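Colleague: Listed here are the chains, written in short residue letters.
Number of protein chains: 2
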Amino acid sequence: MHFNLDRALPTPLVQQLTEQLQAWITRQRLRPGARLPSIRTLAKAQAVSASCVIEAYDRLVASGWLEARHGAGFFVAERKPGLRPDPGEPWGEAIDGSWRQFREGHEQLLKLGCGWLPVAWRAEAELAQAIRQVSRGAPEALFDYCPPQGLASLRLQLHKGLARLDIVAEPERIVTTQGASHALDLLVRTLLAPGDTVLVERPGYYNLYNLLRLHGVRMLEVPRTASGPDLEVLEQLLAEHRPRCLFINSLYQNPTGTSLTPKVAYRLLELARGHDLRIVEDDLYADFQDGPAARLATLDSEQRVIYLGSFSKTLSSSLRVGYVVADPPLVARLAELKMVAGIGTSRFAEQVVGQMLANGSYRKSVQRLRLRLGQHRARTLGLLEACGWEVFCEPVGGMFVWGRVPGRDFAELERLALEHAVLLTPGSAFDPQGRASEWLRINVAYGQDSRAEAFFRHAGRPLAV
Amino acid sequence: MHFNLDRALPTPLVQQLTEQLQAWITRQRLRPGARLPSIRTLAKAQAVSASCVIEAYDRLVASGWLEARHGAGFFVAERKPGLRPDPGEPWGEAIDGSWRQFREGHEQLLKLGCGWLPVAWRAEAELAQAIRQVSRGAPEALFDYCPPQGLASLRLQLHKGLARLDIVAEPERIVTTQGASHALDLLVRTLLAPGDTVLVERPGYYNLYNLLRLHGVRMLEVPRTASGPDLEVLEQLLAEHRPRCLFINSLYQNPTGTSLTPKVAYRLLELARGHDLRIVEDDLYADFQDGPAARLATLDSEQRVIYLGSFSKTLSSSLRVGYVVADPPLVARLAELKMVAGIGTSRFAEQVVGQMLANGSYRKSVQRLRLRLGQHRARTLGLLEACGWEVFCEPVGGMFVWGRVPGRDFAELERLALEHAVLLTPGSAFDPQGRASEWLRINVAYGQDSRAEAFFRHAGRPLAV
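Chain order of the listed sequences is A and B. The letter at position 26 of the first sequence is residue 26 when you use full-length UniProt numbering, and the numbering goes up by one with no holes. The letter at position 217 of the second sequence is residue 217 when you use full-length UniProt numbering, and the numbering goes up by one with no holes.
Be careful, since some hints might not be right.
Unchecked claim - SDA-like, lysine to any residue: derived pairs with alpha carbons at most 20 Å apart:
#1 Lys111(A) / Asp144(B)
#2 Lys111(A) / Ala138(B)
#3 Lys111(A) / Glu140(B)
Note that these hints are calculated values from the structure, not bench results. Source: prediction; values computed, not measured.
Chain A on its own, in the form it takes in the complex (with noise of 0.2 Å):
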């Protein structure tokens, strides 16, 4: 198996390898279910970024030449009438980045750069328990409509929660979604308008850079210190563009892992009140806490905090359910527009969550997370640190560590972790402009996988003894 890629071609190396996968296939005769070499052998062979195999590989499974088997690689596919023989491109490849983590058929590759949990540390038994009750209670549960502000059960249960963390958020001051990335997404169509200037934090969460410039939004960017947001930069920005709202991550900020001191908590919202700025708190790393924690909903007096919450991350990404704080006026606009925008959310998802609020076995689950998760993070920071990683802060809790080797930039970063099997997600896409960076997000959890460790003593440059 040899291709003749070749760069000078106008042709994208990608789309050059899915034609010539194809014809291989084809020439060769090979049955469904032989088996394609893995990412990292084709990538060696041809010389190619393991990033351009596995772009050629979900186009193929995209068009239905290959399926994905998971945790086995990849296969050929059963072939279908009808199915036409070039898919033509299905991504554009400026975002190939940011979603491969979602593909299907990657599983044989460690998520080092990913933003969740492992599947086997999730309440597995607890949830499924859960879903089985509501799949036999009342019927509604499995196929009404939620009504526009989510199920009252829930929003009383996430009342409740909230009140443990000092936030007072009555179910009429709560509207559900699907998650937070939904709740940005209301909350951006709702509150502002093409032309506008908000502060976003820098490093931050792509994704709400994404939305922001989809909707014509300016950022301005607000570098992020060990301790929260930097004041000095931010005060010079809300004197100079007056801008409408600031997004943060208070605590385990994502991608640093950085939490706000109680004294910056404070100030921040003293030149919130004294600039008459809207914050949007995304608090989605809520229950991850462990310590003390400073929350700026929970000093917020004036309603100036709108605060945000997701199951994702600490229960299933899958079900689709997170929720947003706000005044009742605003909560009934972002009610609205989820009708609007897509008539509700799923009933059946909020029933599933709320019972596991109620009877507590949500409550048990976390704590069984924070404790792994601890464990986990002690031991990636100490393994980083004796491979000669440089961390950007040493975080109290939460997913993420900022790290990087000083001097080896993405590329030789990448090409390192694939040949550890590892994926990684590139520094830049944290970077609002989406400008280079040696910077790498690791989540714990995958830290202490021997790929990951294997990764961490390849790319390092330990001290000389």
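Use these hints to put chain B onto chain A, whose structure you have.
Modeller: What follows is chain B alone, placed relative to chain A:
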């Protein structure tokens, strides 16, 4: 119990009633669990509209004063500490009408005007079984995000099902959505800019109007006739305005129940070709098809038709599963927006629907629904005729009949309906401009209920014998 409601005050009646109900509950020291008067009783006693009572009760539920118990009415709730006595105005008056059918607590009213089938008709055993099977299967379905285009196994089933309707839709031409309204939202955001002009049917789907209005899109109205859109008007609008696209239900249109004739369908595609018009064919009643049908996506040979489907009407509105069929570049843009605006759909829900498609239980359950709908449609049409109602057109399939009693306006119909515990949706909701209408959307699935019969008789004007 008597309240001083004063129409001369600037405070809306709903708010007066809400506040006086609160005061009354407090004054009477009503205990948690005490039952409130029925909507009809209270409306009659206070000489206000039933809508006013419904809205007041809804607000009191939202603020925690009352709770709605399924099928039993409204009761004083256990007071939660921290609940504010006055929730303000959670819902704008303007939007009350549209979403009333979606709120909790109106189960004692017959939803004759609603757009879905009764829970009792649904495939409860089959869906519950599929849910339990998925809960026992691979844990990825419970926990993981869904790939951007949707689960490959579901798209394969959709591809097979559409082939039976003679629609060519390879899996790579399909992107899943959270139902048809979410699909419409993705399409509007991807294809249209504020200020663009599109064609919509009149009467038509109110939430499509909401969505287009929200997006600042100008609507040109094409009257719906018994055989499809009025082609003369359409041709004139095409020539004068060069609209970007047409939104249409080909089969069993919402709300008129009418279907395209083959001749109209063919001519429509000719016109679309001549004026380079795209067509968004929302075919969410496809699986109710009884007998032959003319579908644009079947006839379309140049990928001019964007096709939408949903399982909300035929299987479950709770799961939120639908899809779009389009050319691969548009599918890629829709999938990208779907990720940016909410990190995709529910893998769990897609796995459940995919399973029911694969094992045949979905097909069997819609066969039952079709049969039952056909019987109810025939009987409801007979009843309406006997009661002196005028019907826009006798539908050959689907849920809806568009009927009126000439000379009776909506206010009068609603009053009569609520006397019989029947909840209507105003005809004005199906007009792009919200113009008053004598016409009512009648959901035949509820037409055999004795409350509906009593309403038809009471409101009708039988011919003198």
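Colleague: With reference to the structure, classify each hint as holding or not holding.
Modeller: Status of each hint after checking the structure:
no. : hint                  : verdict
1   : Lys111(A) / Asp144(B) : holds, 13 Å
2   : Lys111(A) / Ala138(B) : holds, 19 Å
3   : Lys111(A) / Glu140(B) : holds, 14 Å
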